[in-house]
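Please assemble the complex out of the two chains, which come individually in their own frames, going by the hints.
So the protein lines, in turn, are chains A and B.
First residue of the first sequence? That's 941 in this note's numbering, and the numbers climb one at a time after it.
First residue of the second sequence? That's -3 in this note's numbering, and the numbers climb one at a time after it.
These are calculated hints, taken from the structure and not from any lab test.
By construction, the Cβ of each residue, glycine as well, lies at the ideal position given by its N, Cα and C atoms.
Any given hint could turn out to be false.
Okay, derived cross-link-like pairs now, DSSO-like style, lysine-lysine, Cα gap no bigger than 27 angstroms in a straight line [claimed, not checked]:
| no. | chain 1 | residue 1 | chain 2 | residue 2 |
| --- | --- | --- | --- | --- |
| 1 | B | Lys225 | B | Lys313 |
| 2 | A | Lys954 | A | Lys944 |
| 3 | A | Lys954 | B | Lys198 |
| 4 | B | Lys190 | A | Lys1026 |
| 5 | A | Lys1026 | B | Lys198 |
| 6 | B | Lys190 | B | Lys221 |
| 7 | A | Lys951 | B | Lys190 |
| 8 | A | Lys954 | B | Lys174 |
| 9 | B | Lys198 | A | Lys951 |
| 10 | B | Lys206 | A | Lys985 |
| 11 | B | Lys230 | B | Lys293 |
| 12 | B | Lys198 | A | Lys1130 |
| 13 | B | Lys157 | B | Lys206 |
| 14 | A | Lys1187 | A | Lys1083 |
| 15 | A | Lys951 | A | Lys1130 |
| 16 | B | Lys198 | A | Lys985 |
| 17 | B | Lys157 | A | Lys954 |
| 18 | B | Lys5 | B | Lys211 |
| 19 | B | Lys43 | A | Lys1026 |
| 20 | A | Lys1026 | B | Lys157 |
| 21 | B | Lys198 | A | Lys1135 |
| 22 | A | Lys951 | B | Lys206 |
| 23 | B | Lys190 | A | Lys985 |
| 24 | A | Lys1124 | A | Lys1187 |
| 25 | B | Lys198 | A | Lys979 |
| 26 | A | Lys954 | B | Lys190 |
| 27 | A | Lys1135 | A | Lys985 |
| 28 | B | Lys198 | A | Lys1141 |
| 29 | A | Lys1026 | B | Lys313 |
| 30 | B | Lys230 | B | Lys157 |
If you want the footprint, here are the derived chain B segments under chain A, 3+ residues with CB under 8 angstroms [unchecked claim]:
| no. | region |
| --- | --- |
| 31 | 17 to 27 |
| 32 | 41 to 55 |
| 33 | 62 to 69 |
| 34 | 80 to 93 |
| 35 | 185 to 198 |
| 36 | 206 to 218 |
A few chain B residues facing chain A, derived, Cβ under 10 angstroms [unchecked claim]:
| no. | residue |
| --- | --- |
| 37 | Ile58 |
| 38 | Asn59 |
| 39 | Pro201 |
| 40 | Gln202 |
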Amino acid sequence: MSEKKIFSRPKTLKDAPFHFCPGCHHGIAHRMVAEAIDKYSLREKTIGVASVGCSVFLYDYFDVDVIEAPHGRAAAVATGVKRARKDKIVFSYQGDGDLASIGIAETVHTANRGENITIIFINNTVYGMTGGQLAPTTLLGQKTTTSPYGRDFMQDGYPIRMTEILATLEGTAFAARVAFTTPKNINMAKKAIEKAFQFQKEEMGFTFVEILSACPTNWGLNSIDSMKRVEEEMIPYFPLGIFKERKAADVL
Amino acid sequence: MTETRDLVKGNEAVAMGAIDAGCLYYFGYPITPQSDIPEYLSYHLPKVGGEFVQAESEVAAINMLMGAASTGIRAMTSSSSPGISLMQEGISYIAGSEIPTVIVNMSRSGPGLGGIAPSQGDYFQAVKGGGHGDYHLLVLAPNSVQELYDLTILAFELAEKYRNPVMILGDAMIGQMKEPLLREPPGEIHEYPKEWALTGAKGRPQRVLKSLYLKDGELTAHNWKLHQKYETMKESEIRFEELMTEDADLILVAFGSAARISRTSVMMAREAGMRVGLFRPITLFPFPEPQLTAMAKAGKRFFVVELNTGQMLEDVKISAQGNQVDFFGKPPGALPTPEEIFEEIKKIYPES
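One chain only, chain B, in its complex shape (with noise of 0.2 angstroms):
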């Protein structure tokens, strides 16, 4: 038998993926460039017993799913930029709380009203925080259809495994272009320990999803558990692609479409005879700082290329530990091209 695939775009990838991952409720409002996901989940959620609830806003949205994931089912929503700077306090409140969810976030261009434009202005708001509080999501960074529909599976399980909201950043291009799609739903559903869901007090103890903590050093533990387990995430879960990195003396760093770009650009840096890499975080928290680092101490020189003024480049420079870090960025409002990149390659690539 061969393997059948379908020209899906992007956004329905991702519908697919959370039925495939089990999801069955979805809250959210309507937003260019996400929109297809609400559309398609509202049509296919009630025929796997599931339902679609279109929010009055996205800050009923996300706290109508940090309700809906209480109970211990999977939930999701998805918005993009604006309607995340909506979500972000539920967001912050779903992270205290310690509450499995996925926020999908098409990113478009800001600030502001900004643009429908793909662009990766969010980055900071998705790996740094976004909301108040001390607490962090855990970040997939998709760069194509497949990996839309695989990594929104994959966050369904690391929400559950984290007990953590976890964001899937794509933007406007990955959501909206329609690439072919292996759809495999994943055989089992593992099953995590749900002993924090609230299914009603039969037969054991109250149990209070909340972050408030007013006692003596209650909020200082509870800060530190979360801690603990972003560390964690940082010895389990990072994730990366890796093109022609080894004997580059040149690497690349980008995620999502910038990536896509970026790897074209490689190809052609390498056909001219130029030993260039690309490195591709897939989680952007926890971020593969380690094999940054290790590649920065191998001698590798970064070029980082991103559809903003700078914002992965921070943490880029971090895991380079004081080696040389060029940059190439590109707001929003148009995309560059490989070509443009290239050129760019060939003002900083090595001499010797």
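Looking at chain A on its own, in the form it has when it is part of the complex (with noise of 0.2 angstroms):
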């Protein structure tokens, strides 16, 4: 009986195991970005920018070159390499904390000055690093280390839902939200990832794709569960989907 080899670990990530919790989907998120980046060969010509939070080690386990930013600045950092060398291939990789609370400023106007980036948006409605605390994208009654007695709109709002943000600006050419909870929704995000990726290659303008993830340890769950509330919880509040897709680079 011969044995063929039929899954492999993508060329962009190297061979270092993953820091990330049990049940995180970091590890899953930063597979499918590697492979995006794979599928279209992209990797020497790939400059990721790393963010402040559990996804700042980046670095560790991408085999292209990393610019650390500062909390939130990514897509500003990323404007500047993109605009310095528009030859190559920029992302970033940020959580909720760093791109919808300090950095949205950032956020929203690369998006609105059509910057031809990729941004990987984990939304695991809290802030991961840091212990748990509230996020802007904290559920509505979402018990964290700084919402204690639950979130209440009165109090901090409601969460936030990017995607559909930046949707409406004229200067994105993708935007979309996915989860890994099922294998057609593993399928979904893959295809969206892909998308970003083959859309700033084709030069159409800013790629936005969100990634409802896990966070078990700062919620409390085992990782069975953490996928469950993803479903459950997460996905009636944050719909899944493509929310904009440029149709060719000169239509907006």
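Rendered as structure tokens:
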């Protein structure tokens, strides 16, 4: 009986074990981004922008050039990289505290300028690395270390839907929200991430993929229950789908 | 052929210097009194194959600069005091990640919204760090339109030489005034090795520009490495100008705009038969401490003049090593006149 290798590590990922907690979705997201980069043979021309949070160790896993941005500023850093090197593929990888709170101005303006970069946005409804505090994406009623009575809209407002906001901007070429909860959703996620990089390759404009992601450690749930929470609590508020897909580069 | 000098505004001289130094990218946000720099560059950079980007804030501008410069090209930003305050986080990251950048502060007055008049109230911020962590900028303090041009070109060179952010500390006065400028672009731009630049990991290992060091001992080593760089700057990059210091009993110490005014006061004192000189630091970091210390040891007395309530004064005091240091400060709102400073000189000039 002969053996055929049908599954291996993407070339863009280094042979390094992830430091992420058990059940965290960063590992899947990393792999999927690496696969998309591989698909279009972009590794040697890709420059990644790491953000502050659990995602900062991007450079330990991706075998591409990486710059580490200050908290929330990844989109601005990516803008600078891309303007200076238009022949490169530039992506940032950011969490919800980074992108939707402290970095919302940079995110919105980068999209609005139609910067030809890709942002991978990990929404897990908490600040992960600092210990599970309230994020702009924290769901109503959700208890966190800084919303011990549950998120109350009278005090903290409603969870922010970044993909919908960015989809309204003319500079955005592609905006989608995905999750890893089912094989169907995983396939959709893979296609969306690939589309984002394909669009960047074709100079279509700003591309954005939001990934609903589990944070079992800070949610106080096991891996399976975390997956259920994404499916049953997050998706109803943060619907999956493609919210913007530009047809041609010069058509808004 | 006679040399042609053009009547040029200080801010424009900075922009011209940037273009002649091979700067291709500018990121900035409008603020008085430096908006001529972005205005000039928005017009001229596209003509030399570069790009001008108006950022949504100074916070974004400094981070765009960090990104662009990380790829090994020459890039800059400029702002004025409140905007430079907003950039401090990014400047700290740039210093920690060792990315060559040029940052111009045409400073205005503070604290807070302050005013748009010239001030030297940002000396501490520029020279002592400004952002968090143990780092230094290389700080150049021009005092004329010509020097704004020349030092801008030098700033790009020094930034690459040391892989460090370089700040040009001007103020509303020299940024806004017009003087004849001899625009002599450097014949050749010196290329420093850029084996750190992010250009895509093609046929070479990955490159990472970062400031996070968590492994045991890593950050300590990184901080000492940066410190060593600053020590090298102290050995090699101190720049200053002296006027009639050799026989002087009293030496005025002033930089930038304050030095321009002080120069006239020194001439007035000389006409009155007083042996007074002027020492003008051109690099504020590294500070010309050894030069001042040598003069202090030779018995010279120092008289510091600043457009603030006493900031460089502290560095002069350290340099004077116990010798008497007098001070005349004029916080923003009004500039001192040469006569005013001359009156002070008369009060403290050694009798014997």
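### Query
If you check each hint against the structure, which ones fail?
The structure conflicts with hints 8, 14, 17, 18, 29, although it agrees with all the remaining ones.
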